Amino acid sequence: MKAEDTRYYIAIEKDTIYLLENQTLYLTGTLTLRRVSVFSRKMIKELKSSGLKNYIFNFDKLESIDSAGVTAIFYIQKQLAQQGIKIRFEGGNESITRKIELFRPEKFEEPALPEKVNLFEKVGNSVSYFFSSYVFGFLTLAANVFYFAVADFFRPKMRKAGEVSNQAVLIGVNSVLIVVFMSYVIGLVLALQSSGQLRNFGANVFIVDLTVIAMMSQMGPLITGILVAGRSGSSIAAEIATMKVTSELDALQTMGLNPIRFVVIPKLYASLITLPFLVILASVAGIVGGATAAYFYLDITPEVFINRMGNVMRNKELITGFVKSQVYACLIVLTGSFYGFRVVRGAEGVGKATTAAVVVAISLVIIADSILGLLFY
Amino acid sequence: MTRNKVIEVENLGASFGDTRVLNDVSFSAYQGEVTIILGSSGCGKSTVLKHLLGLYPIMQGTVKILGQNVAELTEKEQLELYLKMGVFYQNGALLNSMTVGENVALPLVQHTHLPDHLINDIVYMKLGLVNLENAFYKYPSELSGGMLKRAALARAIALDPPVLFCDEPGAGLDPISLESLDRLIINLKELLGMSIIMVTHEVSSILRIANRIIYLSKGNVLFEGTLKEALASTEEEVHQFFSVIDDADKVKQK
Numbered sequence: 041m042k043a044e045d046t047r048y049y050i051a052i053e054k055d056t057i058y059l060l061e062n063q064t065l066y067l068t069g070t071l072t073l074r075r076v077s078v079f080s081r082k083m084i085k086e087l088k089s090s091g092l093k094n095y096i097f098n099f100d101k102l103e104s105i106d107s108a109g110v111t112a113i114f115y116i117q118k119q120l121a122q123q124g125i126k127i128r129f130e131g132g133n134e135s136i137t138r139k140i141e142l143f144r145p146e147k148f149e150e151p152a153l154p155e156k157v158n159l160f161e162k163v164g165n166s167v168s169y170f171f172s173s174y175v176f177g178f179l180t181l182a183a184n185v186f187y188f189a190v191a192d193f194f195r196p197k198m199r200k201a202g203e204v205s206n207q208a209v210l211i212g213v214n215s216v217l218i219v220v221f222m223s224y225v226i227g228l229v230l231a232l233q234s235s236g237q238l239r240n241f242g243a244n245v246f247i248v249d250l251t252v253i254a255m256m257s258q259m260g261p262l263i264t265g266i267l268v269a270g271r272s273g274s275s276i277a278a279e280i281a282t283m284k285v286t287s288e289l290d291a292l293q294t295m296g297l298n299p300i301r302f303v304v305i306p307k308l309y310a311s312l313i314t315l316p317f318l319v320i321l322a323s324v325a326g327i328v329g330g331a332t333a334a335y336f337y338l339d340i341t342p343e344v345f346i347n348r349m350g351n352v353m354r355n356k357e358l359i360t361g362f363v364k365s366q367v368y369a370c371l372i373v374l375t376g377s378f379y380g381f382r383v384v385r386g387a388e389g390v391g392k393a394t395t396a397a398v399v400v401a402i403s404l405v406i407i408a409d410s411i412l413g414l415l416f417y
Numbered sequence: 005m006t007r008n009k010v011i012e013v014e015n016l017g018a019s020f021g022d023t024r025v026l027n028d029v030s031f032s033a034y035q036g037e038v039t040i041i042l043g044s045s046g047c048g049k050s051t052v053l054k055h056l057l058g059l060y061p062i063m064q065g066t067v068k069i070l071g072q073n074v075a076e077l078t079e080k081e082q083l084e085l086y087l088k089m090g091v092f093y094q095n096g097a098l099l100n101s102m103t104v105g106e107n108v109a110l111p112l113v114q115h116t117h118l119p120d121h122l123i124n125d126i127v128y129m130k131l132g133l134v135n136l137e138n139a140f141y142k143y144p145s146e147l148s149g150g151m152l153k154r155a156a157l158a159r160a161i162a163l164d165p166p167v168l169f170c171d172e173p174g175a176g177l178d179p180i181s182l183e184s185l186d187r188l189i190i191n192l193k194e195l196l197g198m199s200i201i202m203v204t205h206e207v208s209s210i211l212r213i214a215n216r217i218i219y220l221s222k223g224n225v226l227f228e229g230t231l232k233e234a235l236a237s238t239e240e241e242v243h244q245f246f247s248v249i250d251d252a253d254k255v256k257q258k
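Those protein sequences? They're chains R and P, same order as listed.
Note that the working numbering has the first sequence beginning at 41, numbered continuously upward.
Note that the working numbering has the second sequence beginning at 5, numbered continuously upward.
Just chain R, with the same shape it has in the complex (with noise of 0.2 Å):
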């Protein structure tokens, strides 16, 4: 195409030409989303190249357009006018005209791009939002359910009938065999590994202080405490937020019921109650596993293993384990409630409140645990 030609034809494609004359484009047949790729591509190219920097676009014998199409004439419009090339349209029946007036993207604002935060800003921003949503949000959720945990307790009208019963079973009960089949085959590898570097001392005996030790203070309500957050954690954090994209928590609010109340306190004494049982199943379990390792590769019997650890097991222990039930059961509940009350955005937020529950919980475990190993070391 050159630009002193007064007459010539742009192809679009193999059944697109379009008559250009005097500065005017004769757009024909039909400009529908199927041809607008094609065709704003070549038409920005041609008419660039042209020289021109007028062109009239002529809709008469245009016979269909939709509002890709409307989209696409303004689009190589307004990028032509970027380089000095202004385009004008003129023509077409009262469809098209109504067409374009309605599809003309020019009449509606184009709108604002978010705001641009520098790194700083951002760190900063992040660093305020993790304290004031986190850590403030989840000490205010703790002061709410340890106040309410502690006035409600003999007050059982402020919360459902045999909940703490069924929350004790959900809880509890149900996770006594899988506490129980880790636990025992814990306790099994942990006696099997050990067992090898005690017989070349001919240390074998100390299988038992070492299963013993390690299974009531350090281990059983490790693995309770991972095993339940998992289960239960991710249940409560469901539930609750479950709760509150389906604004059940609005309408026991609206009835003049505490959700902290009726929901959360049920689990948390639930949680308080079988959590101790569940660290004693898995205890026992490890220390049964630890013997079973101990009678098949170290050859001692049950009685020995059973007369050894009369000598082993001290209080300590004991209390050690039920203190560390009792810190996790308040941070799995706490945890799960916490995910759970600040879902956002109905079924997406309520799998990923479920996720960051279960992690945020085992972590929390697992670190109330190493600090609990020291104070009670």
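Hints were generated in silico from the structure; no laboratory data involved.
Incorrect hints may appear among the rest.
If you only want the chain P side, here are some residues facing chain R, beta carbon under 8 Å, derived [claimed, not checked]: (1) Tyr-60; (2) Asn-100; (3) His-117; (4) Leu-118; (5) Leu-122; (6) Asp-125; (7) Glu-137; (8) Tyr-141; (9) Asp-164; (10) Ile-190; (11) Asn-191.
Because the structure is a prediction, the values reported are computed rather than measured.
The beta carbon of each residue, even a glycine, is placed where N, CA and C say it ideally should be.
Guided by the hints, dock chain P onto chain R, whose structure is given.
Just chain P now, kept in the frame of chain R:
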């Protein structure tokens, strides 16, 4: 003049377990018309819609959309048909992980080869049509119920589909937003020749936009005809449905 049928439903039947939901539903919808599917709650409207959309397998009867028998389509043909259908879900059904702009752009990005800037312009325009230009960078969770619906409509018409299915688009909208939504639907119908199949209970909206009424009752088509015929219908249930207009007139006269 023969009108083109965009949808033909013949003897459609459906059951969920032992519960019979649709008995023998037959009706047609025509090109460039707004066809309203009406009926009391539980009459099978949503079930009919889901059969039309290919979301439920057709166990009895035939459903033809744009001349194609839905039950006999291959996966590829079904996909091609979906590109000719826009669907507006009652709750919006926007993808929460994407901004409103990305939601509307999704079909354009996936099914066309348009440059990004042009896609953005089309999205601005579509959002502008539903008065939501400023929601481009917002997430669905940041929108109100009415705004969600309008954004969902923008997405449904992203590809200028010849057939648009709407499931209760007016529910929860204020009368002013509803009126502007109706105006947009009329424009889509008149300018783009779009055929619109709509499930709605908004009588004011029906009076403004409907060409054809399909009234379902207990899994059967109780009435099929033009809006004018529906208003003059002697079928008790249909008459009762539209009697709200008389009630409004009585209130005005008081």
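Quick rundown of the hints versus the structure:
1. Nearest Cβ of chain R to the Cβ of P:Tyr-60: about 22 Å, over the 8 Å cut. The hint is violated.
2. For the restraint placing P:Asn-100 at the interface with chain R, the shortest Cβ-Cβ distance is roughly 5 Å, inside the 8 Å limit, so the hint holds.
3. At about 5 Å, the closest approach between the beta carbon of P:His-117 and any beta carbon in chain R falls short of 8 Å, and the interface hint on this residue holds.
4. The beta carbon of P:Leu-118 comes within 5 Å of a beta carbon in chain R, closer than 8 Å, and the hint placing it at the interface holds.
5. The beta carbon of P:Leu-122 comes within 5 Å of a beta carbon in chain R, closer than 8 Å, and the hint placing it at the interface holds.
6. Checking P:Asp-125 against chain R by beta carbon gives a least distance of about 5 Å; that is within 8 Å, so the hint holds.
7. Restraint check, P:Glu-137 versus chain R: the minimum CB separation of about 5 Å is within 8 Å; hint holds.
8. With its C-beta approaching chain R no nearer than about 5 Å, P:Tyr-141 sits inside the 8 Å limit, and its interface hint holds.
9. This hint holds: P:Asp-164 has a C-beta 4 Å from the nearest C-beta of chain R, less than the 8 Å allowed.
10. A hinted interface residue such as P:Ile-190 counts as satisfied when its beta carbon comes closer than 8 Å to some beta carbon of chain R; here the least separation is about 11 Å, so the hint is violated.
11. A hinted interface residue such as P:Asn-191 counts as satisfied when its beta carbon comes closer than 8 Å to some beta carbon of chain R; here the least separation is about 6 Å, so the hint holds.
When held up to the earlier numbered hints, the structure conflicts with 1, 10 and fits the remainder.
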